[in-house]
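Going down the list, the protein sequences come from chains P and D.
So the first sequence is numbered by this note's numbering: it starts at 1419 and just counts up by one.
So the second sequence is numbered by this note's numbering: it starts at 33 and just counts up by one.
Note that these hints are calculated values from the structure, not bench results.
Treat the hints with care, since some could be wrong.
[Said to hold, decoys possible] If you want the footprint, here are the derived chain P segments under chain D, 3+ residues with CB under 8 Å:
| id | segment |
| --- | --- |
| 1 | 1590-1600 |
| 2 | 1647-1653 |
[Stated by the list, open to error] Some chain P residues well away from chain D (every beta-carbon gap over 12 Å; in silico):
| id | residue |
| --- | --- |
| 3 | Arg1450 |
| 4 | Arg1474 |
| 5 | Leu1638 |
| 6 | Asn1715 |
[As the list claims (entries may be wrong)] Which stretches of chain P does chain D cover? Using the computed rule of at least three CB atoms under 8 Å from a CB of chain D, they are:
| id | segment |
| --- | --- |
| 7 | 1610-1624 |
| 8 | 1681-1693 |
Built from N, CA and C at the ideal position, the CB exists for glycine as well.
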Amino acid sequence: MTAVVGIQDAGERLDGDPILTLDEVSKHFQVRTSTNPFHPASTLRAVDGVSLSIERGETFGLVGESGSGKSTLGRVAVRLDAPTSGTITFDGQSIENQGGEQLRRTRRQMQVVFQDPLGSLNPRMSVGSIIGEPLRVFEGLRGSTLTDRVAELMRSVGLDPSRAAARPRALSGGQRQRVGIARAIALNPRLILADEAVSALDVSVQAQITNLLVDLRERLGLTYLFIAHGLPIVRQVAQRVGVMYLGRIVEVADTDDLFANPQHPYTRALLAASPVPDPTVRRERIILHGEPPTPLNLPSGCRFRTRCPMAAEVCAQVAPPVVQVSPTHTVECHFAETSGI
Amino acid sequence: MPARDHLLRLDGVSVELDNGHRDIPLVRDATLDVRKGEIVCLVGESGSGKSVTARTVMGLTQLDRRMKVGGTALFDDVDLFSLDAERMRRMRGRDLAMVFQEPLSSLDPVFTVESQLREGLRRRERLSPKAETARLSEALQEVGIHDCERVLRSYPHALSGGMCQRVMIAMALLARPRLLLADEPTTALDVTIQAQILELIDRLRHEEDMSVLLVTHDMGVAAEVADRVVVMYAGRVVEDADPQKVFAAPAHPYTGGLLACIPPMVGARPVVLPAIGGSVPDPSSLPGGCAFHPRCVNALPRCTTEDPPLEPEAGGTVACWNPLTREAAPAPELVHNGGSA
Chain P
1419 MTAVVGIQDA GERLDGDPIL TLDEVSKHFQ VRTSTNPFHP ASTLRAVDGV
1469 SLSIERGETF GLVGESGSGK STLGRVAVRL DAPTSGTITF DGQSIENQGG
1519 EQLRRTRRQM QVVFQDPLGS LNPRMSVGSI IGEPLRVFEG LRGSTLTDRV
1569 AELMRSVGLD PSRAAARPRA LSGGQRQRVG IARAIALNPR LILADEAVSA
1619 LDVSVQAQIT NLLVDLRERL GLTYLFIAHG LPIVRQVAQR VGVMYLGRIV
1669 EVADTDDLFA NPQHPYTRAL LAASPVPDPT VRRERIILHG EPPTPLNLPS
1719 GCRFRTRCPM AAEVCAQVAP PVVQVSPTHT VECHFAETSG I
Chain D
33 MPARDHLLRL DGVSVELDNG HRDIPLVRDA TLDVRKGEIV CLVGESGSGK
83 SVTARTVMGL TQLDRRMKVG GTALFDDVDL FSLDAERMRR MRGRDLAMVF
133 QEPLSSLDPV FTVESQLREG LRRRERLSPK AETARLSEAL QEVGIHDCER
183 VLRSYPHALS GGMCQRVMIA MALLARPRLL LADEPTTALD VTIQAQILEL
233 IDRLRHEEDM SVLLVTHDMG VAAEVADRVV VMYAGRVVED ADPQKVFAAP
283 AHPYTGGLLA CIPPMVGARP VVLPAIGGSV PDPSSLPGGC AFHPRCVNAL
333 PRCTTEDPPL EPEAGGTVAC WNPLTREAAP APELVHNGGS A
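The task is simple: from the sequences and hints, build the whole structure.
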């Protein structure tokens, strides 16, 4: 399949050492759309045949709007959910069918930082026991060994170890997210899924946490799958970016290339709609009309055609091919080559 | 500027929450004007008092008996704060209308869009059912909803967030208000939908000669639509100026810091984002002097004891003893600030 070849080529160019590879991964959900028990369930295609490879030590940014399937893709990639079909290779091992003890061991290597720091921290536990929990469970640490390691982790994320007894509620939003990050790095994982990890924070705090994530990546040799809807923050942290629309990655490129030379009409619209804090910039606004269709009932051919300013007849009939714009830049669009390259 | 140009004039507005032990200041001495046909953006981080200010103009804060409101809010020479509940109720939905951040939770889930819109319209004028329906369709078309019949028949849960927000705006505009208070109207929406809603608000204020007080945390949104930008921090207005001035040469160190920590969308990416240290103070324990001084890079010894008044500075107004637009004070006098969240 051309789709697979295209994106794998892009991955190989970097240094050919992928830590995580997704091949034709889909995640479908059966949902009941009617209260009639005889009405058959419909299939919601949250992720639909995505191939992607993430290099060791890189930050791969995944952007898209709500409902694009980016969070589902992230959850499947770190095996919080099982894929409906496709293969996932982590560190040379196929993990899509793993379960039980095997999966437990894999998950030590892949940790998650969630969007809502308050909702993802147990309100009844102290900060110290939250950070120490994975160490107790997986490494059996107790007593002063545990306390010392927790204090070390707190220092490494910029928290004062004397606050170990505090409850999450007593901390500010930024501090809570630091706790979530300390917990995620406690077991020295290889890969971290950051799902909107800075989106809920105030702008000034967002910058602090972003800097911390970048710093940890370098210090600990981490790889990030960084999911966000805010484009500026993704541009700041990611080396490569994938743009998702209705369950597909429609464009992948090196960050600078994607922002300077977007090829997919959706990527262009997304960039044009993203507000910049400069009133003198009056860019050409590509205002997309309408809203994304429901993933329960996808348009024929290209999924973006119902909102695309360039859509033609062919877009309704044939799914777009994966076009290799450069060795590191692929796009799924019928007009990729003719649209101003 | 002649006084008749002003539609809304807040003077020394304060809001305090009596928590049973003492009064917690949420808004402190807020002073700002909204002229006719002007979009004023009220920006700041969480806890800055920007939403409380807008809700107080609408008379909503006052519904909570624990809230104490001071100062004056002149709307066309009538002090909104002196009106009794009945007169205020009549102002709302006629002269004043408000749009909230969460469209889904601001609409009533058990009524159809049609019955909710009708209720709003009936408060303003009595029309025949037929004329009413025509007005409703017209209102929906105005906000870019074309399949009016389906939307009118729908319950809010069946509509997308962008659609609900359009319905909210249509409802607010049915009253042909002279002032629209919009509290983070696009924060819950995707950027492509945000672009549509912002354009809609901008178009309507030209067509209807409506004034808008738009509350947002996003400096990008402010740059996009504002005729004037008012920055709040810890309950106070710290800067008030034209967008050209605010974004090119911010006077308050807080405004400067907020702008600096937004990652750029073009050009080189900074290795480390210039974050503002620390976090927004809790209103119940504000630092003495200028509330921003513990996080300020420009702080002078004076800032720790005296709260600066809002004074004219380089074409706008600013509340700062050592604004960025003035020549920097000699280094030894600066209070050293660092620290993290």
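Now for the hints, and whether the structure bears them out:
no.: 1; hint: 1590-1600; in the structure: holds (count 5)
no.: 2; hint: 1647-1653; in the structure: holds (count 5)
no.: 3; hint: Arg1450; in the structure: holds (15 Å)
no.: 4; hint: Arg1474; in the structure: holds (21 Å)
no.: 5; hint: Leu1638; in the structure: holds (17 Å)
no.: 6; hint: Asn1715; in the structure: holds (14 Å)
no.: 7; hint: 1610-1624; in the structure: holds (count 5)
no.: 8; hint: 1681-1693; in the structure: holds (count 7)
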